[in-house]
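One letter stands for each residue in the lines below.
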Amino acid sequence: DQQVKQNSPSLSVQEGRISILNCDYTNSMFDYFLWYKKYPAEGPTFLISISSIKDKNEDGRFTVFLNKSAKHLSLHIVPSQPGDSAVYFCAARSTGNTPLVFGKGTRLSVIA
Amino acid sequence: EADIYQTPRYLVIGTGKKITLECSQTMGHDKMYWYQQDPGMELHLIHYSYGVNSTEKGDLSSESTVSRIRTEHFPLTLESARPSHTSQYLCASSESAGGATEAFFGQGTRLTVV
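Sequence lines, in order, name chains A and B.
Just so it is clear: in the first sequence, position 68 is 68 by this note's numbering, and no numbers are missing.
Just so it is clear: in the second sequence, position 9 is 121 by this note's numbering, and no numbers are missing.
Looking at chain A on its own, in the form it has when it is part of the complex (with noise of 0.2 Å):
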């Protein structure tokens, strides 16, 4: 059974816009959430995480927020750019630093 749900197979959004990807997981004792970008024949680039004892972590044009209560968290992207076309993945890890857990993906296109 998947531990981490990537809902949406694909995305696609309007270059300037705001590109949200969404993941929900079921295991609570997931502690720690990361975001990668995997772009086709590429190894995943990690992109950003958070900790479970906050709801919000930015980097420059990356958000990311964290719903424990809703066990889901989401990314935001914006302004969106053509480059940021890629799949991306959410992982989950537990506590101990175990190996990281994977979503499917969604695949983000961003259209200029």
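One thing to keep in mind: the hints can contain errors.
[What the hints assert, rightly or not] Simulated crosslink set (DSS-like; lysine-lysine; CA at most 25 Å straight-line):
| no. | chain 1 | residue 1 | chain 2 | residue 2 |
| --- | --- | --- | --- | --- |
| 1 | B | K129 | A | K5 |
| 2 | A | K104 | B | K169 |
| 3 | A | K56 | A | K5 |
| 4 | A | K56 | A | K68 |
| 5 | B | K169 | B | K143 |
| 6 | A | K5 | A | K104 |
| 7 | B | K169 | B | K129 |
| 8 | A | K5 | A | K71 |
| 9 | A | K104 | B | K129 |
Hints were generated in silico from the structure; no laboratory data involved.
Given the coordinates of chain A, work out where chain B should sit on it, guided by the hints.
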């Protein structure tokens, strides 16, 4: 920039052949991982290691094996490749200390077994 390297990047090989996918990191990380990923699917953990001479199987059953004789090196071996092994294999490493550490990934190996 992450210093973790995988070779080869692409490999096409016949059924029954033995293959080894190489992964090396120069960051001194104790923890290393192998994930397998198919298009449109999540990354599945197949092996991990928390240090030299330590290896564990991941959540996804795999016919591959790994070894960790040196901190920087974590090769994955398939004794007899089959078409079902066709996939992208991703190696990663992370620090041991604390929980707020991301995993760094290599470029991946795209394996095709014909």
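Worksheet item: Hint numbers the structure violates, sorted upward?
Response: Those not satisfied are hints 1 and 9.
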